[in-house]
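Generate the whole structure from the sequences, applying the supplied hints.
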Amino acid sequence: MLRGAIIEKLFMLDFTLIFCFNRHYNTIYVTFDFPFYGHIVNNVTIATGGFLYMGDYLKDYLNALAAKQYAAPLLADFDTMSNPNSSIRYKDNGTALTVQWDQVVIHKRTDLGSFTFQLILKNTGDVLFVYKDVPVNIRDINDNKHPVRVGLYDAYTIEKTLFCE
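Numbered per the numbering used here, the sequence shown spans residues 3 to 167.
A portion of the hints provided could be inaccurate.
To be verified - Under the rule of at most 27 Å between Cα atoms (straight-line distance), these lysine-lysine pairs were calculated in the DSS-like manner:
{"id": "1", "residue 1": "LYS70", "residue 2": "LYS147"}
{"id": "2", "residue 1": "LYS124", "residue 2": "LYS147"}
{"id": "3", "residue 1": "LYS124", "residue 2": "LYS70"}
{"id": "4", "residue 1": "LYS147", "residue 2": "LYS110"}
{"id": "5", "residue 1": "LYS147", "residue 2": "LYS134"}
{"id": "6", "residue 1": "LYS124", "residue 2": "LYS93"}
Said to hold, decoys possible - Cβ-Cβ distance ranges computed for the label pairs, FRET-style:
{"id": "7", "residue 1": "ASP35", "residue 2": "ASN144", "range": "33 to 43 Å"}
{"id": "8", "residue 1": "GLY127", "residue 2": "PRO86", "range": "34 to 44 Å"}
{"id": "9", "residue 1": "THR97", "residue 2": "GLY153", "range": "33 to 43 Å"}
{"id": "10", "residue 1": "ASP145", "residue 2": "ASN95", "range": "31 to 41 Å"}
{"id": "11", "residue 1": "ASN139", "residue 2": "GLN105", "range": "13 to 23 Å"}
{"id": "12", "residue 1": "THR33", "residue 2": "SER84", "range": "29 to 39 Å"}
{"id": "13", "residue 1": "PRO149", "residue 2": "ASN28", "range": "12 to 22 Å"}
{"id": "14", "residue 1": "ASN87", "residue 2": "ASN28", "range": "11 to 21 Å"}
{"id": "15", "residue 1": "MET83", "residue 2": "GLY127", "range": "15 to 25 Å"}
{"id": "16", "residue 1": "ASN85", "residue 2": "LYS147", "range": "26 to 36 Å"}
{"id": "17", "residue 1": "LYS134", "residue 2": "SER84", "range": "29 to 39 Å"}
{"id": "18", "residue 1": "TYR31", "residue 2": "GLY153", "range": "31 to 41 Å"}
{"id": "19", "residue 1": "ASN95", "residue 2": "ASN146", "range": "37 to 47 Å"}
{"id": "20", "residue 1": "ASP142", "residue 2": "TYR31", "range": "29 to 39 Å"}
None of these hints come from the bench; they were simulated from the model.
Just so you know, these numbers come straight off a predicted model, no measurement behind them.
We put the beta carbon where it would ideally sit given N, CA and C, even for glycine.
Written out as structure tokens, the structure reads:
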């Protein structure tokens, strides 16, 4: 478990800033082979919604991404436009990719406070979720219009044309 000074140091790294809108994503190249459920991943899609999409197939933003292959320290309806201090940043040091959601707020629920957390992918296949600020119990985040999840998910998908006679 990461504690105290280690967490503070993690949250002060020099990151590349991603400019995001609500329900937006940005695909980046990972400089190392990351093993994810038996697949080698070299591209990940960072989403404002608090997760990394690990698959190759991009179609519909939220439904397609969140339903298939992801790593989510906190998948929720985050809105980076409601808080001027919100940002999403990443850093790839060659052996690990760290993504930081900083001071993000739930869409139309700024009263809940801001969330700051990280996801770290290591070239060993380890996935770390690190939390600095989680102002409310995750169970108290409304999931009626947007899923709220924490964890890893992989659904094997393949796109084919089906011919029926």
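Comparing the hints with the structure gives:
1. LYS70 - LYS147: 18 Å, holds
2. LYS124 - LYS147: This hinted pair is violated, its Cα atoms lying about 32 Å apart.
3. LYS124 - LYS70: 21 Å, holds
4. LYS147 - LYS110: 12 Å, holds
5. LYS147 - LYS134: 26 Å, holds
6. LYS124 - LYS93: 12 Å, holds
7. ASP35 - ASN144: 33 to 43 Å: 38 Å, holds
8. GLY127 - PRO86: 34 to 44 Å: 37 Å, holds
9. THR97 - GLY153: 33 to 43 Å: 23 Å, violated
10. ASP145 - ASN95: 31 to 41 Å: 34 Å, holds
11. ASN139 - GLN105: 13 to 23 Å: 19 Å, holds
12. THR33 - SER84: 29 to 39 Å: 33 Å, holds
13. PRO149 - ASN28: 12 to 22 Å: For ASN28 against PRO149, whose Cβ atoms are near 20 Å apart, the range 12 to 22 Å holds.
14. ASN87 - ASN28: 11 to 21 Å: 19 Å, holds
15. MET83 - GLY127: 15 to 25 Å: Hint violated: Cβ distance 34 Å, outside 15 to 25 Å.
16. ASN85 - LYS147: 26 to 36 Å: The hint (26 to 36 Å, Cβ to Cβ) is violated, given that ASN85 and LYS147 are roughly 19 Å apart.
17. LYS134 - SER84: 29 to 39 Å: 19 Å, violated
18. TYR31 - GLY153: 31 to 41 Å: 25 Å, violated
19. ASN95 - ASN146: 37 to 47 Å: Once the Cβ atoms are compared, 39 Å apart, the range 37 to 47 Å for ASN146 and ASN95 holds.
20. ASP142 - TYR31: 29 to 39 Å: Check passed, 37 Å falls within 29 to 39 Å.
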